[in-house]
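Participant: Going down the list, the protein sequences come from chains A and B.
Numbering-wise, the first sequence is residues 28 to 258 according to this note's numbering.
Numbering-wise, the second sequence is residues 955 to 1368 according to this note's numbering.
No wet-lab data here; the hints were simulated from the structure.
Wrong hints could be hidden among the right ones.
Said to hold, decoys possible - A partial selection of chain A residues facing chain B, derived with a Cβ cut-off under 7 Å: (1) TYR38; (2) LYS97; (3) ARG108; (4) ARG142; (5) TRP161; (6) ASN163.
Said to hold, decoys possible - Pairwise CB distance ranges, derived in the manner of DEER restraints: (7) B:ASP960 / A:VAL244: 47 to 53 Å; (8) B:ILE1358 / A:LEU45: 44 to 50 Å; (9) B:ILE1260 / A:ASP154: 50 to 56 Å; (10) B:LEU1347 / A:LYS138: 27 to 33 Å; (11) B:VAL1242 / A:GLU151: 57 to 63 Å; (12) A:TYR90 / B:ILE1244: 53 to 59 Å.
Said to hold, decoys possible - Derived lysine-lysine pairs resembling PhoX-like cross-links, with alpha carbons at most 20 Å apart: (13) A:LYS186 / A:LYS103; (14) B:LYS1136 / A:LYS102; (15) B:LYS1280 / A:LYS138; (16) B:LYS1008 / A:LYS103.
Note that the Cβ used here is the ideal one computed from N, Cα and C, for glycine as well.
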Amino acid sequence: MIEIKNLHKSYPIGKDSLHVLKGIDLHIREGEFVSIMGSSGSGKSTLLNIVGLLDEHDEGDYYLNGQLIKNLNEKKAAILRNKFLGFVFQSFNLISYKTALENVALPLYYKGVSRRERLKTAMEYLDKVGLKDWANHLPSELSGGQKQRVAIARALVTKPKVVLADEPTGALDSTTTDSVMDLLKDINDEGMTVFVITHEEEVAAQTKRVVRLKDGVIISDELTKKATQSA
Amino acid sequence: MKFLFDSDTWQEIYGSIRKNKLRTFITILGVWWGIFLLVALLGAARGMENGFNKLFGNFATNSVFVWTQSTDTPFKGFQKGRRLRLKLSDIEILKQEFSSEIKLLAPRNQTNNLIIKDFKSGNFNVSGDYPVLDKIQKKNLLYGRFINENDILSEAKVCVIAEDIYKQLFDKNVNPIGEYIKINSINYKVVGVYQPSNGISFDGDAAYIPFTTFQKVYNRANKIDWMMITANDGVDIKQMEQDILLTLKNLHKVHPEDSRAFGSVNLGVEIGKVTGFLTGMQFLTWFVGIATLIAGVFAIGNILLITVKERTKEIGIRRAIGATPKEIRQQVILESVFLTTIAGMLGIFFGAVVLYVIDTLFGQGEDAALVNPTVNIPIILIAFTILIVLGTLIGMIPAYMATIIKPIEALREE
């Protein structure tokens, strides 16, 4: 599903450049539940941005769903994002003046789905995350956990190949963290590839495979107990 | 083009407009004010123009007035400073010499007298005139008739009085026709009452008596004060005025270069000056209106640009979930065009309302300052089109700004 070979990325800072990713090799198969662990500055967010086609890599190869990602223009990137990827952000990133339902339906709008179809599908996904009764509420009327579940519903609504979650529980307390992780686990159980970035051990422990990143290189890549349990 | 007719596009625009009511309001206000000013100013300028036209309306606009003063150049043995007097014989000569140019010629004599009716009295202008005056300066008669040829021939003691004289000297609801009034201790029968025009008048609230009667009563013999001349269509009035003056100078043994001996006013030339002023004003109106309009459109662009910065994150989110740069651009441009259109329509509407109010307050009645203040529909449409084109162009700047931001930068944690 995701195949990365010898990936390099550096950011220019003044005259110097900061080498963030120093040769990453990573292979994620369909249906995996992977977490990238690392302290801040380890390069995990950069990795997610590149995987999520929000940023470009400098060197190395990246295949998404078997397609080589190279020299993408914004339009192609947008279409690929809409088709293959679903995003869940730490700060939820819901559009504040749209209701939960409209937020979930928005990716379908850019996919060109009709309004009626869009709202129907969005409602199904809201139901799936247990927020059917909150469909017509604005994000400001929802709790953090609820917002993140709306964001997850939005990430899923286009039936992507991979869900990319950037610190999905970073802004949540432990109870809601668990409920969000349970939701991601359910999604994974249905066969979706889930790619989580976190710095919390407890969160990583609930995924099936943990990749540890330090100073731009992978220092360990192992399956967790969960994986062995379910296997 | 399909996206224009897609209800979803409009749903998106409605959402983002509704979100920021203040922003939308200020944006609309800028353009609204511009087009409102343009419409209101153009309408007011037109109203003023109509008002001026009405002012001249009762006069034949190709009129020349000639009177005498005193010479400023010695000539043929006469010293300078000689007072001149127009004579009836001059009139006959002018009529013959300029038979093809002159349409109407009215010699005029005027004085000021006490007019008495029973126990009421007042001082008014008294004017000796031929019936032709009614053709040069139309008299709006309320009662009776104007002086006719019979009055002239018979030197009748009849008069046509202004409405104000009638009001001052007569009781209410009394029919003045056939009544007698005393002018300078001589009885005259009232044959008509007229309403003076609001436009230019040289007579004020005058009582008109037959020219021949005037000459006899006031002992003027063949002397006249001044004359009004109108030209036939297609005659160069300026040239005619000069030729007439030259003829008069010759008749009165005045140096041809004498500039003071005869005074004259050419109404056509005077009207031309006013028309020039009005054209200047209309130009100014356009200039001010369009400048305001452009300022308004720039205000929209500016506010949209701020909005785009404000909405960077939202645009980032939209792009992360699959909006292409084109779709973002379309939305911002359409928002700008939509706002300018709405603002423009509101501006035209309020401009029309203001013109209507002006018309009701100042445009009615005889002494209206602004008459029928209107703006041509094509002018409105042109202004409107310019507005929408500007709206589109200016909308492109924030639209471009919205798409050069990388989604990753837009989404970066605040």
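Participant: Check each numbered hint against the structure and report the violated ones by number, ascending.
Facilitator: 1, 2, 5, 6, 8, 9, 14, 16
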